[in-house]
Amino acid sequence: MDAGEVRRALTRIAHEIVERNKGTADVVLIGVLRRGEPLAKRLAENVSRIGEGEVPYGSLDIALYRDDYDVRPHPARASNIPFDLTDKTVILVDDVLYTGRSVRAAITALMDFGRPAAVQLAVLVDRGHRELPIRADYVGKNLPTSRTEHVRVRLSELDNSDDAVIIQKGEPVE
Amino acid sequence: MSVTNLAGRDLLGLEGMTRDEITTILDTAVTFSEVLRRDVKKVPTLRGKSVVTMFFENSTRTRTSFEAAGKYMSADVINISGSTSSASKGESLRDTFLTLQALTADLVVMRTPYSGACHQAAEWVNIPVVNAGDGMHEHPTQGLLDLLTLRDAKGSLEGLTVAIVGDIAHSRVARSNIWGLNAMGATVRLVAPKTLLPSDADRLPVTVHTDLREGLEGVDVVNVLRLQLERQNRALFPTAREYCRLYGVTRDALKSAKPDVLVLHPGPMNRGLEIGGDVPEMPQSLIEKQVTNGVAVRMAVLYLLLGAEG
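Protein chains in written order, with the working numbering: chain A, 102 to 275; chain B, 283 to 592.
Quick caveat, the hints were computed from the structure, so don't treat them as lab data. Among these hints, one or two may not hold up.
[As the list claims (entries may be wrong)] Subject to a maximum C-alpha distance of 16 Å in a straight line, what follows is the list of computed EDC-like cross-link-like pairs (lysine to aspartate or glutamate):
1. K331/B with D358/B
2. K142/A with E155/A
3. K324/B with D213/A
4. K331/B with D168/A
5. K331/B with D171/A
6. K540/B with D502/B
7. K353/B with D388/B
8. K436/B with D309/B
9. K323/B with E349/B
10. K323/B with D213/A
11. K331/B with D169/A
12. K242/A with D103/A
13. K476/B with D493/B
[Stated by the list, open to error] Partial selection, computed: residues in chain A whose CB lies under 7 Å from chain B:
14. D171
15. R173
16. A177
17. R178
18. A179
19. S180
20. D213
No residue lacks a Cβ here, since even glycine has one placed at the ideal position from N, Cα and C.
Sequences and hints are given; from them, build the entire structure.
Right, here's the structure in full:
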């Protein structure tokens, strides 16, 4: 995906969020750190541009909830959710949906901040290979991949480059 | 954020630690500060891990904050105090550690009156050992929480001038502060009567002042140390009253420092002795923040040392 495709995908998802929730009352966006955070912010801006009101957004760190603490090191960052999640419709936002394990961790983490009325999932890319019974409600692009490939998402806010989604062969570079 | 992997390492002192390593711990502690502000301050991260704290000296805040840190991360925390351990039956420290390791402890936190005992113990076992204060040597988590508290307040430690005032000779807190602040680019002054200065002061990266007002001149931070009356077996100053008059950090003495000077004290305080009775309540006092940050720093240390390697 190039910058234009990313932009159009986020515009469409913003419309889908408004349509599915019949407006934006009680809807909040929570980006999973790190790349879900700028995506959540952009979706919030898109929704307000559609004229459906301001949607609060926050960020969620899942390092403390991962199931691979013993396997791989993950730097822990601070979550920033400056509002109560109880009885809200929370839309989790992440860049890539793969095994589903990050989403599982994110749902567990969310519950420590309150009891949402519902949780929905928005991702920029769904690359398949789920290991848990999890699916996304909003998908920017379905990108069939093999497990040996690595999907890299670059966002202008974090990566000093234009938005892009690239499939790389071989071992992950990060 | 710099990412330095500390998994499997010991935390024995801040001497020799790099700026990146310290920054990694402080950045991680910021995450845990957020957890501590939540209504539900518990995360599942260390489920199934066991942390043993072993204190051969009295302590309230350090032991409690290690215990809280472990529990808030869902670790099982087992507290052993010196008087109830087999050490009182004559078991050697080495055998005690080997027993703890055989009992499948994942990490041991130790406070001891003997300088260097934690280094020694770390050589005997494969699990991480955290020094919670060893004699007059180091108290690294106290040093780290002081660094975090100052970094939170000032944004950066680079270029700050910090005066450490009081009983420096007996103070492990002072040593950890000296090494930590030095690694982070701050300047350290020691302010104390000659009898309370460490004998190796000339080999430490500090400047030394024996006059309080001269030592506080223009500093950004004053870290007031407790007068360790329990370690005073010789007459190192004539009377408490004279010490208080010459070296007590009072509201008046703080006028020599910068107007926005910050005040730290590792606790427990002797109010009206080393610190003016009303100084802890001044807006520049960060003493309560230090305690909260102590939990966050210890959570970060457990998280990083028990984490996955490589």
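Are the Cα positions of K436/B and D309/B separated by 16 Å at most?
-> Roughly 15 Å between the alpha carbons, so the hint for K436/B and D309/B holds.
Distance restraint between K331/B and D358/B, which requires alpha-carbon spacing of 16 Å or less = Distance of about 6 Å is within 16 Å: holds.
Go through the hint on A179/A and say holds or violated, using the shortest Cβ distance to chain B against 7 Å.
-> holds (4 Å)
Mind checking the CB of A177/A against every CB in chain B and telling me if the closest is under 7 Å?
-> Nearest chain B Cβ about 4 Å off; hint holds.
D213/A as an interface hint toward chain B, with CB separation required under 7 Å = D213/A check passes; min Cβ-Cβ to chain B is 5 Å, inside 7 Å.
Verify the proposed pairing of K142/A with E155/A, using a straight-line Cα cut of 16 Å.
-> holds (11 Å)
Keeping to a limit of 16 Å between CA atoms, is the pair of K323/B and E349/B held or broken?
-> Roughly 14 Å between the alpha carbons, so the hint for K323/B and E349/B holds.
Pair hint K331/B and D171/A, alpha-carbon separation not exceeding 16 Å | The hint holds at about 10 Å.
Measure nothing beyond the straight line between the CA atoms of K331/B and D168/A; if it is 16 Å or shorter, mark the hint as holding.
-> holds (14 Å)
With a cut-off of 16 Å on the C-alpha distance, tell me whether K331/B and D169/A pass.
-> Given pair K331/B, D169/A holds - Cα atoms ~14 Å apart, limit 16 Å.
Holds or violated: K324/B to D213/A, with C-alpha atoms at most 16 Å apart | Since the Cα atoms of K324/B and D213/A sit roughly 8 Å apart, the hinted pair holds (cutoff 16 Å).
Hint validity - R178/A Cβ closer than 7 Å to any chain B Cβ | holds (6 Å)
Checked against the numbered hints listed earlier, the structure breaks none of them; every hint is satisfied.
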